[in-house]
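Visitor: Protein chains in written order, with the numbering used here: chain D, 452 to 776; chain S, 142 to 653.
It is worth saying that the hints were derived from the structure and are not from the lab. Heads up, some of the hints might be wrong.
No more than 25 angstroms apart at the CA atoms, straight line, and that leaves these computed lysine-lysine pairs for DSS-like [claimed, not checked]:
(1) Lys736(D) to Lys776(D)
(2) Lys673(D) to Lys280(S)
(3) Lys246(S) to Lys429(S)
(4) Lys246(S) to Lys393(S)
(5) Lys532(D) to Lys510(D)
(6) Lys664(D) to Lys280(S)
All values derive from a computational prediction rather than experimental measurement.
These are the residues of each chain, in order.
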Amino acid sequence: MKFTATRGLIAAAVLGLSAVAAHAQENPECIAPANPGGGWDFTCRQVGKSLQDLGLIDKTMQVVNLAGGGGGVAFAEVVNKRGDDNDLIVAASSATATRLAQGAYPGNTMEQVRWLASIGADYGVIAVAADSAVNTLPELLDAIKSDPTSVSVAGGSAVGGWDHLKVLIAANAYGIDDVRSVKYIAFDGGGEAVTQLLAGSVQAFTGDISEAKGFVDSGDIKVIAVLSPERLPGEFADFPTAREQGVDAIGANWRGFYAPGGMSDAAYDAWVQKVGDLYASDAWKEVMAANGLAPLDLQGAAFQSFVAESVAQIQSISREIGIIK
Amino acid sequence: MELFASLGDGFAIALTWQNILLALLGCFLGTIMGALPGLGPSNGVAILIPLAFTMGLGATPSLILLTSVYYGAMYGGRISSILLNIPGDEPAMMTCLDGYPMAKKGFAGEALSLSGIASFVGAFLATWGLILLAPQLVKIALLFGPAEYFALFALAFMTLGGVSSTNQAKSAFAAALGLGLATIGVDTQTGVPRFTFGEVHLYDGLDFLVAIVGLFALSEVFIFLETRHGGSDAEGHKLKIGKLYPPMSMIKACTPTMLRTSVLGFIAGVLPGAGASLGSFISYSMEKRLVDKDGTFGTGDPRGVAAPEAGNNAAAGGALVPMLALGVPGSGTTAVLLAVLLALNITPGPLLFTQNPDVVWGLIAALFIANFMLLAMNIPMVGLFTRVLMVPSRILMPIVAMVSFVGIYGISGSSFDLLVMIGFGVMGWVLRKLDVPLVPIILGTLLGNSMENNLRRAVTIDNGNWWTLVDSPLSIALWAIALVGFVLPLIVGARVKARMHARRDTEGAISD
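Using the sequences plus the hints, can you model the full thing?
Guide: Rendered as structure tokens:
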């Protein structure tokens, strides 16, 4: 053990002397704050594999699944126990920002960690059943405006969760002032919500484009709006954006990473550069295409302020609908 | 035939060496679990969940292992019923009535193999029933809106007590306890944490698997520690098996019985909540009324052995139908299997058949394979299992404890979960002492959230109108069945229960 410690010290000394960009993460580790199989787990494993394939890290990235509290267990662990770990990154997404904004990680705030970079986004969609009389987003929002009780919107997240907030962002942008009147029904996951849309229990669906894709292909539902700045490439190009229908709403379920708050600037910059290089590579473009990820290219300070804005926006909507005071 | 094509794909998935070995292992362990008094199918599956996770198995292999255990336990239950007059699990209770008298008359071998055949017939027909019925149920699943789901959950709870429990009130208490435990965690309808006391580990609610392993497996260990009934229950008994193969005439005489009771058991299994105990009970009593003209039932009539065995194995298959098609378990053990599915990130329900056809059809094919394996295992090799009855608990129980702790820690890597598991173990021990059934607690914990959410969804969609709950023919029908299922046992229950529990093992208050 003593030998390893000495070797570690020497390595650290050598690394400290070497240039910033060459800072090699000795034992890269990624915490996926959920069980294997979910989105966060995918983020860690896919990025770890691609980084190694591209030669950006020498050693295999170790992926640790630390589930619990919707990411809260991992967040608390990083803040309390791993605060100055230079080798560690943690998978995050809009859900992380939403929970931070709503104070769902008790005693934790977004300032306690350093936000690293995004690796893509899954844009939100609003859809209706294929045989619905509604064909455009304004038609749906008009129906809600004139009689909020007539339209139930189903989504896969909890009330106040990201699927809910997306509808509210759209409703807000369309001039529906009292967003609390929008009737949102929470289901356990997008699949169940779509099933209920097909069963006719609800009139509209809000979710991520990747959840909706299969049902669009099978002809069961039609997407009336994508909440992206402009039309998405490839097979998603047929979906109209909300913006082109006059509703200025953008809702991206981004994926990315944060790092411990006490990570050294050198290590932080090195990680930012690595993930940036990864994002720019062709190999990553293929991964994004294969997994339905749309572009969202933000690193370092730009990503930090993006998350901060997103947290502020979620906080203001959550306050309006009374989830936080 | 699309059905056969799918089934063919299923066999292609199931017939790998790994899956066949897992099925074999599951059948073997399941039969042992079933044969050991006290360890029923629910405990059997619960104990082996950590094993499946620790082995790092994928979804389909895990399910194949655990459903083989499930079917195996249903087979195994009869062994100790017949030889020792102690039911290996609750559904095997009715098998004691004629099985033990047969064994006393020196026909133990015949009784064992006949009941093995009956188990096979029941399970085989029920697997076909599953294949035919589940996809149909999926088609009408779109009729199930939130209100109908709520009614279906209510039906599951109301029929759960039924004839199989000692006391309807205790059953209801257990269900309420489970529903209460389910409210822990962040409420998905509003995002508000409930009963979490700021403990971030509780935000996702209690993990069902931890609860299940604690309640079933660990409490078993506690019961053992307390009673220390040293060797096994079989000590002192000289187990004589005798001739292994029953005469053709006996099988022939029992065939109509097996066919009738398979159908009956299957129906009892499909109804949510009722489960295998009800299946074997109804089967036995119907056959008695139908064919017992000379009053030979209860004195060692082979038909009295065949009827409950075919019935309870058919019910085991039937209980898989609502679990796979609607995500509502038909019995206690399927509730445990449902928890496993959820932990594997597979959501049972109408979408399962389109999104994970490999899982569904692989599982169904594995059931067929397991069935043949079990038939092969249970007739020539029955002697081996009778010897297992003599394994002393002092060797068995530490293994159970070890598997529980290692397994649960292996799943989550959290010591908090171990504490929760111990808590549930102690709770399970206390509740068993009070003769409170444990299955309703699991069902409550597992279904509580969905039940509550569907109620709230239904009412929200209809703008606060509670009459929406009885607004469709389907929901009215479900409520009607639920009411009958709850009230009927109260009326006719007393007589039935007296009979059913006359020979009841006092050891475990676990019902299937």
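Visitor: Hint by hint, work out which the structure violates, then give me just those numbers in ascending order.
Guide: 1
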